[in-house]
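Novice: Line order of the protein sequences matches chains A and B. Letter 33 of the first sequence, counting from 1, is numbered 33 in our numbering, and no numbers are missing. Letter 323 of the second sequence, counting from 1, is numbered 323 in our numbering, and no numbers are missing.
The hints are simulated quantities; they were obtained by calculation from the structure and are not laboratory data. It is possible that some hints are incorrect.
As the list claims (entries may be wrong) - In silico PhoX-like links for lysine-lysine, alpha-carbon gap of 25 Å or less: (1) A:K163 <-> B:K18; (2) A:K79 <-> B:K68; (3) A:K163 <-> B:K234; (4) A:K163 <-> B:K57; (5) A:K163 <-> B:K257.
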Amino acid sequence: MKGQTLFTWVFTILASLVLLFIIAPLAGMFLDSSFGELRATAADPEVQRSVWYTLAIAFLATLFFAFGAVPLAWIMARKDFPLKKVVQGIIDLPVVLPHTAAGIALLGFISREGLLGGAAQKAGIILVNNGAGIALAMAFVSLPFLINAARDGFAAVPERIEKAALTLGATQSRIFFTVSMPMAWRSIVSGFIMMFARGMSEFGAVVIIAYHPMIAPVMIYERFNAYGINYARPASIIFILVALIFFVLFRTLATERRMIFRREDETTD
Amino acid sequence: MKLRTEKVSKRLEAFSLKEITLEVSKGDYYVLLGRSGAGKTQLLELICGLTSPDSGKIFLDGEEITHKRVQDRGIGMVFQDFSLFPHYSVHDNISYPLNIRKVPKEERKRRIEQAAAEMNITHLLSRKPYYLSGGEKQRVALARTLVTDPRVLLLDEPMASVDASLKDSIRRMLRRLNREGQTIIHVTHDYGEAISLASRVGVMHNGRIIQEGTPLEVFNHPVNRFVARYAGIKNFFRATFIESYNTFSGITENRTKFKLPKADYPAAGLLIIGSSEVLLSRQGAAGIQMNNIRGVIDDIVPSATGYEISVAAGDFFYVDITHREMEQNNFLTGEKVILSFPPEALRLVGETEESRQY
C-alpha cells in the first residue's frame, strides 16, 4: 500500500497476530465439529436448559444489582468524600480476586452459617445450590463492569448542564432521571451488557456456590471431565453462539441510542 | 424589583470573592466586566444560588435569599456554553421548566410558541441541539430561561461562543429584552459589549468590584490603570501634580512634564490621554496651553481605522492617525516628531491607595 511506513507494517503484523490468537482457537473449534453434532447438541434438553438458565440468571442478576450499582456509580462520579479511593478499590476488588477464592468467600457469606445465608434461610430460601446463589456469584465477580462504566458515563455529563436544570427549577431527583441518567445512558447500557456478559461466562465462583442447577459453563466443564473434549466441544459452540447473538443484539440496541449522544459529545468542550 | 448583594465573600480554590456589594434595580442592564478568572461567573452562581457565600447577604425585593434554594429564587441563568439538554429537542428543552411547574398543556403550548416566536426559533422546534449553530443554541437557551419569567436574567459571557457576524443581532435582541423590562446582569470580558449594552457597569478584578457606574463614567474616568487599560486607553501615566508660580503641571514617573490648566488637582493620580486626541507633526502645534513634546517614532502599526504610531518621548505615547493623515505626512519609523496635547485631551484622575494596587 502506498504511504505505509515500516512502522505501520510492523504494528499491523503485531496486531494481526493478537487477533489471530483470539480467532484461531474459536475457528478451530467450529471446524472440528460437524453440523450434525451441533444440531443434536442444540436439541439436547440438558444443553438447552443450562443455556437458558445461564442467560436468565445472568440477566436477572445484572438487572437486580443495577438498582444499587447505578446510584453507587453516580455517587462515585459526583461526590467527594473521605476514603473515596478506598471505596473505588473495593469496587475493583472482584476483578483482581481469583474467582474460586471469590466463590469461597461468597459461600461463607451465603451458606446457612453465613450472614446473608442465615437471614435467607429464616425467610425459607436456601441460597447454596440455587439460582439465587448463582446470581449472587455472577454479580459478585461482574459488578465492577457496570459500576465503572456507569461512573464514567455520569462523570462525562457536563456539570453545567445539571446546574442549568437546577436554575430552571428542577429538583435533584428530577435532574437525575431527566438529565444525568439519559445522558449517561449509553455508558450504563454498555456497562450493563459487560456485566451481563461477564456474569454469563462465570465458572469459578459459580461452581463453588452451586454445581446444580447447572449453568452452561459448569455443564461444559462437566461434559469435558466426564466424556472428554469431543463431547464438550459442541456444547461450547452452542453456548458461544447464543452468547454472541445476545451480545451483538444488546450492542446494536445500545448503539442506536449512542448515535444521538455521540454527535453532541463532539460539540461539548 | 431590586437585587442587592451585601459584602458577599466566598473563598474558592484559586482565589476569593471579596466583600462584593452591588445593587441592580428593575430594568437595569448591569454589565460585570473583567478578565477571565476575575470571579464574574462565580458571582453569578452566588446570585442565582448554585453556590452560597461564606459571608454577606443577598436580597431580592427586600427578601433575604442568601440561602434560598436555586429552584425557588426566580432568577434565570444562561450559561456560556448554553448548556442545552442534548437528548431533548428544542421544543422539549423550552418545555422543561414548564413541565416542572406543571403548567397546563394548552398554556404550555402557548408559552413555548410565544417564546420561540420572540427568539425567532419556531422553525427549529423539532431539532436536537447538536444541529444548531452557536447563535441558534443561544436563542434556545434564552427562550428556555425566559419562559420561566425570571425576575433577573443572568447571562454568562453570552457572546463568547457566537460567531462575530451574529453578535450584532444578539446585541439587538438583548437590548430589546431589556427595553421590554427584563432586568439583566451580563458578564463579559469585552468592554465593547459593556459600552453597547450596559446601563450600569461594574469592573471586576481579583474578586472585587473596583469601579462601578454608567459606562460613560467608568470609561471616561477610570479609577486606575486596570480600568483604563480595559477601556482601551493606552496613554495613562501615574503622575504627581504640582503648583509653582501660579502655573500647574503634572509630572509622570518618567519625568515627562505637562502644563495643565488651573484647576483643583489631587496631589497624585493618573494622567489619561486618548490616543486619537494627540496630534503628531514634524513642526509642533501652536497655542498657549498646548503641550509640545519631542520624541522619536518607535513603531507604526496598521489599525482598523488607520495607523497606531508609538512614540518614545521619555514615556511611550500611542497616537492614532487616519489613512489620510498618513498619506499627507508619510511618517517613518525612527523619525523625530513632535507630540502635541490640547488641554482638553488631558484627563486627570485621582488615585486612592487601594486603586494603586492594580
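Novice: State for each hint whether it applies.
Specialist: We went through each hint and held it up to the structure:
A hinted pair counts as satisfied when its Cα atoms are at most 25 Å apart, and A:K163 with B:K18 qualifies at roughly 24 Å. Pair hint A:K79 plus B:K68 holds up; C-alpha atoms about 22 Å apart against a cutoff of 25 Å. This hinted pair does not check out: A:K163 and B:K234 have alpha carbons roughly 40 Å apart, beyond 25 Å. Of the supplied pair hints, the one linking A:K163 and B:K57 holds, its CA atoms being roughly 22 Å apart against a limit of 25 Å.
Between A:K163 and B:K257 the CA atoms are separated by roughly 55 Å; this puts the pair beyond 25 Å, and the hint is violated.
Hint compliance for this structure: hints 3 and 5 are not met, and every other hint is.
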